[in-house]
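S.K.: Spelled out from the first residue to the last, the chains are:
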Amino acid sequence: MDFFDRFAIPHPSLAIYASMVAIVLTVIAIVVGLTYFKKWGYLWREWLTTVDHKRIGIMYLISALLMLFRGGVDALMMRAQLAVPENTLLDAQHYNEVFTTHGVVMILFMAMPFIMALMNFVVPLQIGARDVAFPRLNALSFWLFFFGAMLFNISFVVGGSPDAGWTSYFPLAGNEFSTSVGTNYYMIAIQIAGIGTLMTGINFITTILKMRAPGMTLMKMPMFTWSSLIANVIIVFAFPVLTVALAMGTLDRLFGTHFFTTNNGGMDMLWANLFWVWGHPEVYILILPAFGIYSEVISTFARRNLYGYKSMVASMVIISLLSFLVWVHHFFTMGQGALTNSIFSITTMAIAVPTGVKIFNWLFTLYKGKIEITTPMLYALLFIPLFTIGGVTGVMLGMSAADYQYHNTMFLVAHFHMVIIPGVVFAMLAGLTYYWPKMFGFMLNERIGKITAWTIGISTLVAFMPMFFTGLDGQARRMYTYSESTGFGPLNMVSFVGAIGLAIGFILLVYNVYYSIRYASRDISADPWDARTLEWATHSPVPEYNFAIVPHVKSEEALWDAKKKRHILFQGNYEKIHMPNNSGVPFIMGSIFFIWGFALVFSLWPLAIIATIGILACMAHRSMEIDHGRYISVKEIEETETKLRGAK
Amino acid sequence: MKIDHSLPLEYSTEENRLKILGFWIFLGAEIMLFGTLFASYFTLVDRIGSGPSGKEIFEITPVLIETIVLLTSSFTIGLGVHAMRIGRKKAMMSFFVITLLLGLVFLGVEIFEFIHYVHIGAGLQTSAFTAILLSTLGTHGLHVTFGLFWGLFILLQVKKRGLTPETANKSFIFSLYWHFLDVVWIFIFSFVYLKGMM
Numbered sequence: 002m003d004f005f006d007r008f009a010i011p012h013p014s015l016a017i018y019a020s021m022v023a024i025v026l027t028v029i030a031i032v033v034g035l036t037y038f039k040k041w042g043y044l045w046r047e048w049l050t051t052v053d054h055k056r057i058g059i060m061y062l063i064s065a066l067l068m069l070f071r072g073g074v075d076a077l078m079m080r081a082q083l084a085v086p087e088n089t090l091l092d093a094q095h096y097n098e099v100f101t102t103h104g105v106v107m108i109l110f111m112a113m114p115f116i117m118a119l120m121n122f123v124v125p126l127q128i129g130a131r132d133v134a135f136p137r138l139n140a141l142s143f144w145l146f147f148f149g150a151m152l153f154n155i156s157f158v159v160g161g162s163p164d165a166g167w168t169s170y171f172p173l174a175g176n177e178f179s180t181s182v183g184t185n186y187y188m189i190a191i192q193i194a195g196i197g198t199l200m201t202g203i204n205f206i207t208t209i210l211k212m213r214a215p216g217m218t219l220m221k222m223p224m225f226t227w228s229s230l231i232a233n234v235i236i237v238f239a240f241p242v243l244t245v246a247l248a249m250g251t252l253d254r255l256f257g258t259h260f261f262t263t264n265n266g267g268m269d270m271l272w273a274n275l276f277w278v279w280g281h282p283e284v285y286i287l288i289l290p291a292f293g294i295y296s297e298v299i300s301t302f303a304r305r306n307l308y309g310y311k312s313m314v315a316s317m318v319i320i321s322l323l324s325f326l327v328w329v330h331h332f333f334t335m336g337q338g339a340l341t342n343s344i345f346s347i348t349t350m351a352i353a354v355p356t357g358v359k360i361f362n363w364l365f366t367l368y369k370g371k372i373e374i375t376t377p378m379l380y381a382l383l384f385i386p387l388f389t390i391g392g393v394t395g396v397m398l399g400m401s402a403a404d405y406q407y408h409n410t411m412f413l414v415a416h417f418h419m420v421i422i423p424g425v426v427f428a429m430l431a432g433l434t435y436y437w438p439k440m441f442g443f444m445l446n447e448r449i450g451k452i453t454a455w456t457i458g459i460s461t462l463v464a465f466m467p468m469f470f471t472g473l474d475g476q477a478r479r480m481y482t483y484s485e486s487t488g489f490g491p492l493n494m495v496s497f498v499g500a501i502g503l504a505i506g507f508i509l510l511v512y513n514v515y516y517s518i519r520y521a522s523r524d525i526s527a528d529p530w531d532a533r534t535l536e537w538a539t540h541s542p543v544p545e546y547n548f549a550i551v552p553h554v555k556s557e558e559a560l561w562d563a564k565k566k567r568h569i570l571f572q573g574n575y576e577k578i579h580m581p582n583n584s585g586v587p588f589i590m591g592s593i594f595f596i597w598g599f600a601l602v603f604s605l606w607p608l609a610i611i612a613t614i615g616i617l618a619c620m621a622h623r624s625m626e627i628d629h630g631r632y633i634s635v636k637e638i639e640e641t642e643t644k645l646r647g648a649k
Numbered sequence: 036m037k038i039d040h041s042l043p044l045e046y047s048t049e050e051n052r053l054k055i056l057g058f059w060i061f062l063g064a065e066i067m068l069f070g071t072l073f074a075s076y077f078t079l080v081d082r083i084g085s086g087p088s089g090k091e092i093f094e095i096t097p098v099l100i101e102t103i104v105l106l107t108s109s110f111t112i113g114l115g116v117h118a119m120r121i122g123r124k125k126a127m128m129s130f131f132v133i134t135l136l137l138g139l140v141f142l143g144v145e146i147f148e149f150i151h152y153v154h155i156g157a158g159l160q161t162s163a164f165t166a167i168l169l170s171t172l173g174t175h176g177l178h179v180t181f182g183l184f185w186g187l188f189i190l191l192q193v194k195k196r197g198l199t200p201e202t203a204n205k206s207f208i209f210s211l212y213w214h215f216l217d218v219v220w221i222f223i224f225s226f227v228y229l230k231g232m233m
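As you go down the protein sequences, you meet chains A and B in turn. Each residue of the first sequence is one higher than the last, beginning at 2 in the working numbering. Each residue of the second sequence is one higher than the last, beginning at 36 in the working numbering.
These aren't lab readings, by the way, just hints derived from the structure by calculation. Be careful, since some hints might not be right.
[Unchecked claim] List time: in silico BS3-like cross-link candidates among lysine-lysine, alpha-carbon distance up to 25 Å:
hint, chain 1, residue 1, chain 2, residue 2
1, B, K194, B, K124
2, A, K369, A, K564
3, A, K369, A, K311
4, A, K636, B, K37
5, A, K577, B, K195
6, A, K211, A, K644
7, B, K124, A, K211
8, B, K90, B, K230
9, B, K230, B, K37
[Claimed, not checked] Reference listing, derived: stretches of chain B covered by chain A, where coverage requires no fewer than 3 residues with Cβ under 8 Å from a Cβ of chain A:
hint, stretch
10, 57-67
11, 107-115
12, 157-169
13, 188-194
C-beta: ideal position from N, C-alpha, C; glycine also.
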């Protein structure tokens with residue numbers, strides 16, 4: 002039985018056994034459910050093999066929500082552990098595992114797919130395209146992300162979770178100090194998901210540059226498309242750095258090389274540098290599309306065109322350049338010397354300038370607007386003050402001399418949560434609510450939606466503001482407990498209450514989905530928010546081919562001007578539409594990647610070689626395949642259009 | 036599918052133009068990949084631990100053979116694409132075959148070089164320097180290996196299906212990839228080998 006010993010959890014506990022049971026029960030429930038309702042064929046034909054950007058977007062969305070709850074449970078466990086001094090709910094090892102998986106899951110497997118979900122769904126619609134440039138590659142991107150995320154998640158029950166922090170600094174993450182396979186999971190699962198993300202980047206740059214509707218010049222693109230374009234450019238230039246860093250880390254752990262070790266010339270700081278050369282731009286990959294969503298939402302509900310379109314674009318370009326020049330601020334205290342620190346301090350603070358420009362542009366858009374407070378707008382309005390708290394404390398952290406006081410304390414934890422939650426999570430929730438009718442053909446309940454927004458907004462403050470204070474008083478991050486005499490107890494209890502508030506907020510979100518599925522009206526127009534851009538010019542839900550006739554664009558706000566200035570968007574007659582065929586290969590290739598990753602994690606070399614051959618065979622198959630896609634005939638288009646428009 | 040006959044075959048359809056642009060962007064990502072490897076190489080080059088330095092292990096003969104062979108292959112694939120543009124299928128295939136054979140020679144010499152390094156005690160696990168050296172060369176070598184199989188599959192398709200917009204597009208993109216590997220090798224030759232031997 003020696004062979005199976007390696008799959009055992011090195012440090013088991015009740016929570017882990019409970020989740021094993023839960024995972025098995027969920028899998029059984031899904032399999033039985035699919036069989037009972039005879040949905041296997043439906044699942045395969047309509048979802049697993051789809052290359053439609055809208056369905057891929059929805060699959061990203063579902064994955065992101067699932068991972069939000071996985072990461073959320075991690076967060077609750079941490080806050081519960083710290084709620085009172087000298088708590089014994091989690092021991093040190095479990096606490097290490099929980100904060101590591103919380104970070105990785107929330108950034109890479111929740112925020113990233115959430116962004117990808119909205120990009121996939123919205124960008125082709127906003128530019129009037131029929132799909133992305135490479136639909137098959139898009140499906141592969143999704144499945145690589147999905148199986149990477151699954152591989153990371155099974156670490157909890159097979160072999161042990163990573164425990165060296167989401168930054169996984171060496172030498173802690175090396176074989177000497179991280180003896181379980183946990184960090185192998187980290188290296189390989191993120192690698193697989195990262196390859197998928199890189200391909201998304203290439204795909205969307207090509208799509209946005211080459212597939213815009215006639216008349217839509219670059220400077221007439223909607224702001225969300227602009228932000229996606231820039232985020233994808235950052236992806237293409239930042240993710241290869243992560244690829245190399247993870248490959249080196251994998252070599253160190255599996256093949257005993259000396260990249261990041263402390264002997265034979267190895268250099269542990271090289272990891273920290275490479276990680277953050279990717280890691281800091283990664284933050285902007287998340288925040289820029291979020292800014293794009295806010296721009297759409299704010300101009301829609303202020304009923305005004307976006308203030309300072311050109312300066313919005315310029316500031317995003319500047320942010321994208323600066324994002325590659327600030328990485329050292331993540332480790333000011335790790336010995337670069339005063340000159341280096343000063344340079345990176347200045348570049349860091351410089352980023353506040355274009356970000357400030359954007360904030361003022363939103364405020365000027367609101368100024369004298371006819372503001373309508375809907376749920377998405379409420380998130381956007383909550384975002385501005387809360388994000389500013391996060392941003393200003395970021396400037397404090399950016400001052401390298403002062404950073405010695407804040408570094409590795411709860412102050413830092415409070416700062417980046419106050420940036421990421423109002424910045425990214427609120428934007429994603431706003432985007433979710435805003436685009437929900439376009440995705441599913443009915444609206445989420447506004448009353449529950451607003452209660453959710455207020456609950457999440459207030460709870461964010463309750464959960465994270467106390468950390469600024471305990472952090473300045475010296476409470477270290479990543480410490481699993483503290484003594485009573487420190488006096489951190491009461492404020493940590495307040496944080497815990499805030500965390501519960503956030504949990505309630507997200508449960509309300511799920512309830513809202515349930516409630517709206519049951520009770521919301523299906524009789525809504527294609528443009529329920531009275532919006533301004535092209536995605537609202539087609540039906541809800543969107544037909545497979547997006548637009549029956551390719552729109553002609555004359556201005557930045559194509560739909561608004563069609564409504565107000567009588568621009569004509571759709572000219573001409575229906576023509577047959579060329580569409581790509583579905584394919585099962587991306588799903589199969591993703592599954593083989595999963596096996597490949599699993600084999601590497603446990604150093605099962607024969608299996609790894611077989612899986613590698615499998616991956617190459619999929620690529621060879623794709624190379625030799627002849628697939629010219631298919632055509633949707635004019636008759637089919639007419640039938641679909643009549644049905645969607647209602648009897649006319 | 037609309038075919039625009041005023042453009043070369045590989046650019047003649049919308050799908051083809053998208054693929055070529057997408058591949059250029061992919062090459063941008065590849066530049067970052069090798070850029071990161073080079074940056075790490077320069078960081079670790081003097082950190083030899085108890086192992087040998089570059090000066091002690093580099094030998095000019097195999098490196099020169101590799102360089103000449105790979106540069107020539109870049110030239111022959113250029114001729115191949117030229118032949119493709121004037122519609123000479125046989126000439127195009129011959130030049131591609133020569134390219135792949137030269138690539139094979141390159142790979143053979145590189146494998147021989149690697150065995151030699153391990154033999155004289157400069158293996159993957161010896162020091163940070165040997166690890167980054169073999170990883171940088173190995174990443175390039177893996178790209179060449181992948182390219183050999185990729186090129187082979189494209190040749191099979193050209194043989195079977197002739198020069199169509201699809202096969203021409205694939206051949207052209209493959210030629211971009213192959214030229215790129217050559218560019219990377221020029222950097223390896225100059226900054227890893229020549230600088231290391233000085």
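S.K.: May I ask which of the numbered hints given earlier this structure violates, with the numbers listed in increasing order?
M.R.: Hints 5, 6, 7, 9, 11 not satisfied by this model.
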